[in-house]
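Novice: Here is what each chain is made of, one letter per residue.
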Amino acid sequence: MAKMTLEQLRKLREEKKRDIERRETEGKEIRIIVGMGTCGIAAGARVAFDAILAAVERHGIGADVVIAQTGCMGLCHVEPTVEVIVPGMPDTIYGRVDAATATKIVDRHVVARALVNEHIYDRPAADIIRN
Amino acid sequence: MAYRQYMLVCGGTGCESGKSDEIYRNLLKEAEAQGVKDAVQIVKTGCFGFCEKGPIVKVLPEESFYVEVKPDDAKEIIAEQAVKGREVKRLLYDKSTRKSNNKIEDIEFYQKQFRIVLRNCGVINPENIEEYIARDGYAGLEKVLFQMKGEDVIAELKTAGLRGRGGAGFPTWLKWDLTRKAPGDVKYIICNADEGDPGAYMDRSTIEGDPHSVLEAMAIAGFAIGSNKGYVYIRAEYPLAIDRLKIAIAQAKEYGLLGDDILGSGFSFDVEIRLGAGAFVCGEETALMRSLEGNRGMPVPKPPFPAISGLWKKPTVINNVETLANIPVIITKGGEWFAKIGTEKSTGTKVFALTGKVNNSGLVEVPMGTTLREIIFDIGGGIKGGKKFKGVQTGGPSGGIIVEKDLDAPISYESLQALGSMMGSGGMIVMDEDDCVVDVSKFYMEFCVDESCGKCAPCRIGTNQMYDILDRITKGKGEEADLARLERIGKAMTKASLCMLGGSAANPTLSTIRHFRDEYLAHIRDHKCLTGKCKDLVTYSIDPSKCIGCTLCAKKCPVPCISGERKQPHVIDASRCVKCGECYAVCKFGAVVKN
Amino acid sequence: MVNAKINGIEVQVAPGTTILDAAAKVNVKIPKLCYNADLEPWASCGICVVKNGKSPKMLRACCTPLENGMEIITNDAELVETRRTVIELILSTHPDDCLQCPRNQMCELQTLAAEFGIREQSFPKRLRGLSKDESTNTLILDPEKCIRCGRCVKVCQDMQNVWAIEFLGRGEKTRIAPAGDVALADGPCIRCGQCSAHCPVGAIYEKDETGPVWEALRKEGPEDRVCVVQIAPAVRVALGEEFGLPPGTVLTKKIYAALRRMGFDVVFDTNFSADLTIMEEGTEFVQRFTKDPTALPLITSCCPAWVDYMEKYYPDMIPHFSTAKSPQQMMGAMIKTYWAAKAKVDPAKVFSVSVMPCTAKKYENKRDKTMFSSGYQDVDVTLTTRELARMIKQAGIDLLNLPDEEADSPMGPYSGAGVIFGATGGVMEAALRTAYTLVTGDELKDVNFTGVRGISGIKEASVHIKGTEVKVAVAHQMGNIATVLDQIREAKKAGKPSPWHFIEVMACRGGCIGGGGQPYGATDEVREARMAGIYNDDQKSTYRCSHLNPFIKQVYEEFLEAPNSGKAHELLHTHYHEKAIYTK
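Protein chains in written order, with our numbering: chain A, 1 to 131; chain B, 1001 to 1595; chain C, 2001 to 2584.
The hints are simulated quantities; they were obtained by calculation from the structure and are not laboratory data. Remember, predicted model here, so these are calculated numbers, not experimental data. All C-beta atoms in this analysis are idealised placements derived from N, C-alpha and C, irrespective of residue type, glycine included. Wrong hints could be hidden among the right ones.
Cut-off 27 Å, straight-line C-alpha distance, at most; resulting in silico cross-link-like pairs (DSS-like, lysine-lysine) [as the list claims (entries may be wrong)]:
#1 B:1019 x B:1149
#2 B:1477 x C:2125
#3 C:2584 x C:2369
#4 C:2051 x B:1302
#5 C:2054 x B:1345
#6 B:1594 x B:1555
#7 C:2553 x C:2253
#8 B:1535 x A:3
#9 A:17 x B:1579
#10 A:11 x B:1333
#11 B:1555 x B:1579
#12 A:16 x B:1475
#13 B:1246 x A:11
#14 B:1158 x B:1181
#15 B:1491 x C:2125
#16 C:2025 x B:1477
#17 C:2173 x B:1491
#18 C:2054 x B:1491
#19 B:1070 x B:1387
#20 C:2492 x C:2445
#21 B:1253 x A:17
#22 B:1475 x B:1528
#23 B:1302 x C:2553
#24 B:1037 x B:1019
#25 B:1149 x A:3
#26 B:1302 x C:2471
#27 B:1345 x A:16
#28 A:17 x B:1181
#29 A:11 x B:1555
Interface residues of chain B toward chain C, partial, derived using beta-carbon atoms under 8 Å [said to hold, decoys possible]:
#30 1089
#31 1125
#32 1303
#33 1305
#34 1457
#35 1458
#36 1461
#37 1468
#38 1489
#39 1497
Next comes chain A alone, as it looks inside the complex (with noise of 0.2 Å):
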């Protein structure tokens, strides 16, 4: 990328938003982020991420699904912490993410649509910016 023109930026700021918009409405997507912050990190999210790309390729659908990393979600008391979304279901946040549970994520929640128990949490708070 070279250096943008203020032109530029509010091109590139309205692409990316209406790509959220597509993504939000249109809800062909899957993507599951996992929070990679110190805390995240220190708890095991490496682990949990390669588990999930692991599993994303044993089930072939790579394709179809967006893995990402974010920052601390602020749930630090269960990290690692990984945030599902899956069109037609509920958005998730799951904690205490180790291998195995990342795997069954993967296996039961993106694959088989269906939530895994034990292990989800709740953003602390709605982020009312986004509205």
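Assemble chains B and C onto chain A, guided by the hints.
Specialist: Leaving out everything else, chains B and C in the frame of chain A:
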């Protein structure tokens, strides 16, 4: 096939004791019995917080929020909601002051948090500038560059009423205005990311989760005061934050949002990272600047204030991470919008790192004016293991303990100070009945002993003398005059120290003496630590009348110093006991006695 | 102007004036410890706290500027209690061996403790058991006594730009130590002793050599010593302070008398050898000026701390250094050669003592082999002004009531040019007085070159000698030197002539009168009073120029032949060598 409905049963400790497990099993049973087991998934979750109203059941996608659910309610919930699609009105959360509510996002508890600083944390990929841009990132910078003048930016901050989040609460606009008006061609912006309180990690998480918000704010500050150079002073112990910051700076430069002639506006601003070695005192702004210059990190007297003579004796704005992260939002949404949040004198939100004996430790961002009780008991889910709340330490080693009776004070800079503590950077450590205040004071004093830079006599010597006295008391060797000594040194340190490290180092001790004098006296007069935390004051023994000789304690003892035949009362050899308390914890018969 | 009240007294001061200084103006004394008027406030002790109006906060008077409308309270029960607690805390980390301390009765901490009537130890002792650094053989660093006020560090770094002393360790383990934690002698220390002059307690002090001097003064045993002493220009205007006299009181003749009563056989005056220095150095300057202008500027070399500094930090200036020895060393060489022969005394039996305002002189007397030019150590022991004061007191001599006496001949009588060596600019002025005559053959009508006098850190002047302009610069206080020398370096690099022809450098503020071995408590006020004493003595002198001193003429006629002669070079000149700043 996907489920039509999901019922989430809170499985947190608080709810478990309220028989949430039974509720879960009953819901499963009823779903099966009423023939909807394939349509509704019953799930057990982690703690939602809000434990005082537990057990809690949430139903999605309707977002019905049921509180104080009983096992017998399972039948009705399944019958009404899963089968007929109707909410069970009587179980919906209804705070007496409010009309009945049924949507999670309308429930007050979930509105207690309000994310400005943490708006992007846990939402965007911090290593991708485009995700930041998509969420109005750099819109604030864009606005100031093309629609505002330096003084407009400062006026907006003044309207917002933003105050420094690093602890002292100095009005940010005033800092900027003084620096803007200070004579000099070269001025600097410093981001203070030298977070050092034990238990505090708000700034680390903010940079890790949303580095661009800090960079954008620094550029806005640069524009407002006429500076082209910023430094982020961050401790080397934060490698991930440093990496993310490096990536963010590189991306911002690549996109032309930092560097020369930003967006063709003619304004140039560059940011460099400077690593600190992790000295707590380097969070003090004058010491930070000395360290950044390559000197020994020691505070110097103010005035001159950094706004007049800061880094390399140039006018300098120094703001902490959280303060800066607020700024892009203030610019895009306006100072008036911001000023409506919080209290009159303390506007906006505050991020706290809630830790200690609380169920849901984590980062919380609440509007100023929220009470400590709401943070600890609602958001934090109350005290772990149902123990009794004893106190909460705000402001880390510089703050004081706040006790039960003061929990309903709305949080603001002034109120916390009036309670003998301080806002500090936002560490919030919750203590329960098992925590010994003398031990806690000793812990904080030890921290200050280690972190005192050694420059100024009251702090350098006072912290050590106070530590020695506290240590003596925890060992049962204190005398009553020690309390007066602690208060005497503490007062002198508070008044005569050069910087706030020394000026506040006595706070934990002085506030615990004020609130828990009897506990100190118990250590001194009776040589007793009621919590058992002060190992020198505790002895463990076994009551032979209660011991059945199960041998569990002997097996657990790490020394081992517990002996006895199977099915015969056991004995602890007190001379070898290390007072780890394992035997006490493991005994099911109450035979191990702690004195 | 700022208008405020201090203890209810109206005060008006310039903006930026600290509360401490403003209070002093209205005769309100605020107790303090780490503050020193020479230094930027370091604000480490916490004793000068005051309050403003009803605010519960305490302000440090040393570094807080007085602001309009302030109502400063400098004492109330809480302030006194706070100060007392802080003093007691400091005492809890300070050894109690006051009776054996070099600063006994001259210690600022002891004074405070006395003023606050500290009668008991409220807090247990926390001593560290640190050992002394005596490596320089000149200054002794005793970190155990250190109260970490920071003065020595500030002096060494900010005033002197030497950077030999630094804080090491953190928190309670903070200690003053040679930078790099080497032995003091193995680092950049130039022995100027300003640290010792500024230390409020006994943590840095001069090596006491009064013992060997008393021993020599017994004149017993096989050695059968003949004790000869010389006193430096600056000593006479400061010694009186140790006996309750105001700074600047000239005590030359009483000091001569005291030295004789202590047992010295012969009393000479370094002012005489200062005249000698002018003959040598002045001639050197005139030669370079008239024959080899590229060898200019000529830089004075009579300050041993400066010589050491130059050898470490500016070795490229060695060719510009005057090879003339300092007056102390010239006198030492002359005593054991010229005078010994004249008096028919075996030089091996001569015990030569100098009394100097300076700690570096203790180092200079063994600096290299040219300091043994007589075949013996030319100056056996150097005492500082402070040591001399102690000896006079030990001898029970009533200094102030002694009769005036004269120094011995021929190396006692001095010119006014000799005495002004004691003040910054004095060497330059003395040299100009003689250089003028050496070049023109005429005598000056007005010998006063006031442009080079005074406390200002860098002074420049130009003098017309026979139609040629001589540009001179005078710098004192080591931290001011770089400005001058860096300009010379730049000019050299650019192939341009040096901005000055002749440069005088003194390591200490005010020159020797502000030396590291002078009585404690020097401030600019004290320094200026001492300077006034020096110029007063000059004014009263029969001869104002070195070349007019008849005894100078006599020693050249009888012994040295001519300035810069072979003999003079052998005894009165030295060499310089580039030195590593750190030897380990």
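Novice: A separate judgement is required for each hint: does it hold in the structure or not?
Specialist: Evaluated hints:
{"no.": "1", "hint": "B:1019 x B:1149", "in the structure": "violated (61 Å)"}
{"no.": "2", "hint": "B:1477 x C:2125", "in the structure": "holds (17 Å)"}
{"no.": "3", "hint": "C:2584 x C:2369", "in the structure": "holds (23 Å)"}
{"no.": "4", "hint": "C:2051 x B:1302", "in the structure": "holds (16 Å)"}
{"no.": "5", "hint": "C:2054 x B:1345", "in the structure": "holds (22 Å)"}
{"no.": "6", "hint": "B:1594 x B:1555", "in the structure": "holds (19 Å)"}
{"no.": "7", "hint": "C:2553 x C:2253", "in the structure": "holds (23 Å)"}
{"no.": "8", "hint": "B:1535 x A:3", "in the structure": "violated (63 Å)"}
{"no.": "9", "hint": "A:17 x B:1579", "in the structure": "violated (60 Å)"}
{"no.": "10", "hint": "A:11 x B:1333", "in the structure": "holds (20 Å)"}
{"no.": "11", "hint": "B:1555 x B:1579", "in the structure": "holds (15 Å)"}
{"no.": "12", "hint": "A:16 x B:1475", "in the structure": "violated (63 Å)"}
{"no.": "13", "hint": "B:1246 x A:11", "in the structure": "holds (25 Å)"}
{"no.": "14", "hint": "B:1158 x B:1181", "in the structure": "holds (15 Å)"}
{"no.": "15", "hint": "B:1491 x C:2125", "in the structure": "holds (20 Å)"}
{"no.": "16", "hint": "C:2025 x B:1477", "in the structure": "violated (50 Å)"}
{"no.": "17", "hint": "C:2173 x B:1491", "in the structure": "holds (23 Å)"}
{"no.": "18", "hint": "C:2054 x B:1491", "in the structure": "holds (17 Å)"}
{"no.": "19", "hint": "B:1070 x B:1387", "in the structure": "holds (23 Å)"}
{"no.": "20", "hint": "C:2492 x C:2445", "in the structure": "violated (36 Å)"}
{"no.": "21", "hint": "B:1253 x A:17", "in the structure": "holds (22 Å)"}
{"no.": "22", "hint": "B:1475 x B:1528", "in the structure": "holds (9 Å)"}
{"no.": "23", "hint": "B:1302 x C:2553", "in the structure": "violated (60 Å)"}
{"no.": "24", "hint": "B:1037 x B:1019", "in the structure": "holds (22 Å)"}
{"no.": "25", "hint": "B:1149 x A:3", "in the structure": "holds (23 Å)"}
{"no.": "26", "hint": "B:1302 x C:2471", "in the structure": "violated (42 Å)"}
{"no.": "27", "hint": "B:1345 x A:16", "in the structure": "violated (38 Å)"}
{"no.": "28", "hint": "A:17 x B:1181", "in the structure": "violated (39 Å)"}
{"no.": "29", "hint": "A:11 x B:1555", "in the structure": "violated (69 Å)"}
{"no.": "30", "hint": "1089", "in the structure": "violated (56 Å)"}
{"no.": "31", "hint": "1125", "in the structure": "violated (39 Å)"}
{"no.": "32", "hint": "1303", "in the structure": "holds (6 Å)"}
{"no.": "33", "hint": "1305", "in the structure": "violated (11 Å)"}
{"no.": "34", "hint": "1457", "in the structure": "holds (5 Å)"}
{"no.": "35", "hint": "1458", "in the structure": "holds (4 Å)"}
{"no.": "36", "hint": "1461", "in the structure": "holds (4 Å)"}
{"no.": "37", "hint": "1468", "in the structure": "holds (7 Å)"}
{"no.": "38", "hint": "1489", "in the structure": "holds (6 Å)"}
{"no.": "39", "hint": "1497", "in the structure": "holds (6 Å)"}
The structure does not agree with the numbered hints 1, 8, 9, 12, 16, 20, 23, 26, 27, 28, 29, 30, 31, 33 stated previously, though it agrees with the rest.
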